[in-house]
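Following the hints, put chains B and C in place on chain A, whose structure we already have.
Chains as they are written, first to last, in the working numbering: chain A, 1 to 359; chain B, 360 to 654; chain C, 655 to 906.
Take these hints with a grain of salt, some might be off.
[Unchecked claim] Here are the computed lysine to aspartate or glutamate pairs in the EDC-like style, where the Cα-Cα straight-line distance is at most 20 angstroms:
#1 A:K330 - C:D880
#2 A:K6 - C:E840
#3 A:K17 - A:D336
#4 A:K347 - C:E745
#5 C:K901 - C:D880
#6 B:K626 - A:E320
#7 C:K723 - C:E742
#8 A:K241 - A:E257
#9 A:K330 - A:E320
#10 C:K723 - C:D800
#11 C:K797 - A:D8
#12 A:K6 - C:D794
#13 C:K723 - C:E745
#14 A:K347 - A:D336
#15 A:K305 - B:D481
#16 A:K6 - C:D791
#17 A:K241 - A:E164
#18 C:K785 - A:D12
#19 A:K6 - C:E788
#20 C:K785 - C:D850
#21 C:K901 - C:E887
#22 A:K17 - A:E41
#23 C:K785 - A:D8
#24 C:K901 - C:D662
#25 A:K17 - C:D800
#26 C:K797 - A:D12
#27 A:K17 - C:E784
#28 A:K6 - C:D800
#29 A:K6 - C:D850
#30 C:K723 - C:D662
#31 B:K626 - A:E248
Calculated directly from the structure, the hints in this document are not laboratory data. These numbers come from a predicted model, not from an experiment.
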Amino acid sequence: MRTLFKTDYNQDIRLFKHGGAAFWYAVLGVALLMPPWLSGEYWLSQLGFVCIYGMAGIGLMLLSGYTGQISLGHAAFFAAGAYAETILLTRGWPFPITLLAAGLLAGAVGVGIGLRALRLAGIYLAIATLAFAFMVEEVLARWVSVTNGNNGLTVPAVRIGSVEFNPAGARFYYLVLGVLVLLMLAAINILRSPTGRAFVAIRDSEIAAQSLGVNLAWYKTVAFAISAAFTGIAGAFYAHKLQFISPEAFTIVLSIELLVMVVVGGLGTLHGAIYGAVFIIVLPEVIGVAKDYVPAGIAGQPGLKSLLFGLIIIGFMLFEPLGIYGRWRKIQLYFDRFPLYRKGTFKRQKAYIRTERLR
Amino acid sequence: MGDVVAFTQQVVSGTAIGCVYALVALGFVLIYKATEVVNFAQGDILMVGAFLAYTLIVLAGFNFWVGALLAIGLTAVLGFFLERLVVRPIVGQPIFAIVMVTIGIGFVARSVASMTPGWGVDTHFIETPFYNKTVRWGAVVLSQDHVAIILLTILLCLVLFLFFRRTKLGIAMQATSQNQLAAYYMGIPVKTVFSLVWAISAGVAAFAGVLLAPIAFVHANMGFIGIKAFPAAVLGGFGSIPGAVVGGLIIGVVEALAGFYLPEGFKDVAAYIVLLLVLLVRPEGLFGEATRKKV
Amino acid sequence: MTFFEAGDLTISFGGLMALDRVSFEVRQGEVCTIIGPNGAGKTTIFNLISRLYEPSRGRLIFRDQDITKAPPHRIGGLGIARTFQNIELFEHATVLANLLLGRHPHRTTTLLEEILFLPRVRRAELAHREKVEEIIDFLDLQKHRDTMVASLPFGVRKVVELGRALAVEPTLLLLDEPSSGLNVEETDDMAFWIQDIRNARGVTVLMVEHDMRLVSEVSDRVIALDYGRVIAEGAPAEVQNHPEVVKAYLGG
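Here chain A stands alone, though its shape is the one from the complex (with noise of 0.2 angstroms):
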């Protein structure tokens, strides 16, 4: 059993907690710095999938897990970053710059939903974002002047200098990567900060955050302005790499997909934005190769991934509300204290129903 002897307040705030950890982080970094080597287009194409919605994971998990705001509608932030990125790309921008502006557009439209999502909570404010999904979908059919409506817009490639980026290549891989690094440092830092404990402070208790000098108006605006800007960054590259975007690839199942992976990923902790989004990566390929093995009447359906979908989440909020990462810790908690493990550490006490509504 290893106990962590501390003798500086400099190592709760630090990075890697111990020497340990930063080691084998250091083996993450080098083992992610492999796949262009290692492992084929395929792969490679999904392993940018998994950094991009990595960097929307974070985005969400910030304002849903961290500040408590639940939000069904951020295929929105997502849209409104791909479709800055295009458009400016189109207009002749160069890539670094309409990166940012995508950032800062969805930002902006963070701040707008933020504004208005200070007077809801919980349920309300969920159905106030799924409303304006949809009505940002609309938009994005209606507008055709800028979006080109259904018909969509084809996606210029990136590029820095002269040098194209193959959205499936190993330099589009190397960047998402890096930019979902600097998300990552970015997220770490604000919630090691005071901004990460108001925001937490929000979630947990309102009032008492207000007693304390929290300005709610303000930190709700800026949690939400931070998320869909990550948010849109990762709407940016998405539209890379689906090299043509339409109204139809940012719809409420999006949102949907963004929220479930978060939760399934672990609620409240980075790391389970990660998880989260190799889940949802992992989920249609590890179908695809069970369907070799099952009889061909179950595998030919169409809506057995929609029907795994489903169990899964119904089976996480059931067994392991934590999410993977939840489970992963208490894994390393069985083996931290093994033989000494008491089967009791987890048991959930029995929960009464006291009713939210006098908020």
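Relative to the frame of chain A, chains B and C by itself:
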């Protein structure tokens, strides 16, 4: 004169679809009032009910009314067991978890429906006794289907009203929603009450599904209409049953009029515009109460 | 300087008048306790000071500043901190995180600096941590530092809430029933802490309390409330024997 006729027809057809929204919203609010769960799968339960009715009436040849009632009953049973097996273990956890579970139920329902032989991904049709018949009211020609929907909805609302006001079970349902632990102490069979609420709610959804079938056809994704029930429930005030009904009717009529008088595309978003306006101006809805936490 | 004064506070809920022209003052450096039967309006006064409610009339003056219209999130920065009757801690955060949140009114870093985690952010964090550790030592919370609040027993939570309020470095501390739910030993600890807070830290304390033993032990002045009105004011022994107060508690 033609304008008034057209207007009236739009209002009536809007009211008819509004009745469907109202019923879905009603089912929602029932569950929400009792258990504070927001059932995102309400529309998909409607779909299951409609499919069961289709199977009984069209595939198995039952009489329309018998088949419809059977379908409603079966769906109610489904709702009962859904609560017992899937929702009950989640009770007490934050709203988030419960919302996710109901979303998951929706996924499962849709995919199972699309994989069931005889249902699949096709669109089906149920012929009602009112199909293709019309009723005249002065210069206005109304479809019998629409009129039937409105009348049947009124009937159901009356039945439910009496149930909740005059029976112990209805009052018990309110008690358990406000303080489950206290309800236990008072001897209310809380778990059974919850399951019954889901059963009633599912039955109402199936009822709506049967009414909707002739207008919108029966297919695996027909449950998405349930999303329109959210604006209805919010407009009426999330904890109010008459509010849900009124909300649904308003949304239905607004939609119909928007589709008729406003440019293309407004019809689809009309419901959401109404929703966002309500949330901006009066979040507690028409009949709801603004509440705040007592510290 | 008027340290703290409430004048003519009036507020109704529905048809019920919770406070009816309540006026009182709190002098700097004292421990002032508000007593009264349940429903007298004591917590309502706190909620007015925290600006969770709007009075229909009346004013609140703190250190010569009129705070009657101040937004709720400004109160912490002015130097007023409070605890809550039913505990409003951040359940899914550690004790340390809760206490660090008490330092929020003293935040000196901007959002951009925090995203980049510049050295001055790190320095500020370490400074906050030192302040909080001092409170942890004072309240003996060392072994709970990294525990999630949700898994703590009630008595410890009350102490954590006290600690969080102290982290604000307030000049006026509002304690809402600090001893409710505590056993005798814990109440004695609380009494010691309250006295220490006044004597060593120079913090003025305004508290609501039911435990008369605690009230007599620590209070400099007592104000008695009943049905939203002040019925007595003065030294603890005086007020406790006041006929109106006795009547309010015993009925008749």
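Hints and how they fare:
1. For the hint linking K330 of chain A to D880 of chain C, the alpha-carbon distance of about 53 angstroms lies beyond 20 angstroms, and the restraint is violated.
2. For the suggested pair K6 of chain A and E840 of chain C, the alpha carbons sit about 30 angstroms apart, so the restraint of at most 20 angstroms is broken.
3. Taking the CA atoms of K17 of chain A and D336 of chain A, the gap is near 16 angstroms; set against the 20 angstroms cutoff, the hint holds.
4. For the hint pairing K347 of chain A with E745 of chain C, the CA-to-CA distance comes to about 18 angstroms; that is within 20 angstroms, so the pair holds.
5. For the proposed pair K901 of chain C and D880 of chain C, the alpha carbon gap of about 10 angstroms is at most 20 angstroms, so the pair holds.
6. For the hint pairing K626 of chain B with E320 of chain A, the CA-to-CA distance comes to about 41 angstroms; that exceeds 20 angstroms, so the pair is violated.
7. About 23 angstroms separates the Cα atoms of K723 of chain C and E742 of chain C, which puts this hinted pair outside 20 angstroms; it is violated.
8. Restraint check: the Cα-Cα separation between K241 of chain A and E257 of chain A comes to about 18 angstroms, which is no more than 20 angstroms; the hinted pair holds.
9. About 10 angstroms separates the Cα atoms of K330 of chain A and E320 of chain A, which keeps this hinted pair within 20 angstroms; it holds.
10. For the hint linking K723 of chain C to D800 of chain C, the alpha-carbon distance of about 38 angstroms lies beyond 20 angstroms, and the restraint is violated.
11. Straight-line distance between C-alpha atoms of K797 of chain C and D8 of chain A comes to about 17 angstroms, which keeps the hinted pair within the 20 angstroms bound.
12. A hinted pair counts as satisfied when its Cα atoms are at most 20 angstroms apart, and K6 of chain A with D794 of chain C qualifies at roughly 19 angstroms.
13. About 30 angstroms separates the Cα atoms of K723 of chain C and E745 of chain C, which puts this hinted pair outside 20 angstroms; it is violated.
14. Our distance criterion of 20 angstroms between C-alpha atoms is met by K347 of chain A and D336 of chain A, whose separation comes to about 18 angstroms.
15. Distance check on the hinted pair: K305 of chain A and D481 of chain B sit about 18 angstroms apart at the alpha-carbon level, within 20 angstroms; holds.
16. For the hint pairing K6 of chain A with D791 of chain C, the CA-to-CA distance comes to about 17 angstroms; that is within 20 angstroms, so the pair holds.
17. Of the supplied pair hints, the one linking K241 of chain A and E164 of chain A holds, its CA atoms being roughly 14 angstroms apart against a limit of 20 angstroms.
18. Between K785 of chain C and D12 of chain A, the direct Cα distance comes to roughly 15 angstroms. Compliance with the 20 angstroms bound is thereby established for this hinted pair.
19. Between K6 of chain A and E788 of chain C the alpha-carbon distance is near 17 angstroms, which keeps this suggested pair within the 20 angstroms criterion.
20. In summary, the hint linking K785 of chain C to D850 of chain C is supported, as the alpha carbons are separated by about 17 angstroms, within the 20 angstroms threshold.
21. Of the supplied pair hints, the one linking K901 of chain C and E887 of chain C holds, its CA atoms being roughly 15 angstroms apart against a limit of 20 angstroms.
22. For the suggested pair K17 of chain A and E41 of chain A, the alpha carbons sit about 36 angstroms apart, so the restraint of at most 20 angstroms is broken.
23. At most 20 angstroms may separate the alpha-carbon atoms for a hinted pair to count; K785 of chain C and D8 of chain A meet this at roughly 15 angstroms.
24. A C-alpha spacing of about 24 angstroms is found between K901 of chain C and D662 of chain C, which places the hinted pair above 20 angstroms, so the restraint is violated.
25. Between K17 of chain A and D800 of chain C the alpha-carbon distance is near 14 angstroms, which keeps this suggested pair within the 20 angstroms criterion.
26. At most 20 angstroms may separate the alpha-carbon atoms for a hinted pair to count; K797 of chain C and D12 of chain A meet this at roughly 16 angstroms.
27. Restraint check for K17 of chain A and E784 of chain C: the C-alpha separation of about 19 angstroms stays at or below 20 angstroms, so the hint holds.
28. Restraint check for K6 of chain A and D800 of chain C: the C-alpha separation of about 12 angstroms stays at or below 20 angstroms, so the hint holds.
29. Restraint check for K6 of chain A and D850 of chain C: not satisfied, since their Cα atoms lie roughly 30 angstroms apart, outside the 20 angstroms limit.
30. For a cut-off of 20 angstroms, the pair hint linking K723 of chain C to D662 of chain C stands: about 15 angstroms separates their Cα positions.
31. Taking the CA atoms of K626 of chain B and E248 of chain A, the gap is about 18 angstroms. The hint holds against a cut of 20 angstroms.
Hint check: violations occur at hints 1, 2, 6, 7, 10, 13, 22, 24, 29; the rest are consistent with the structure.
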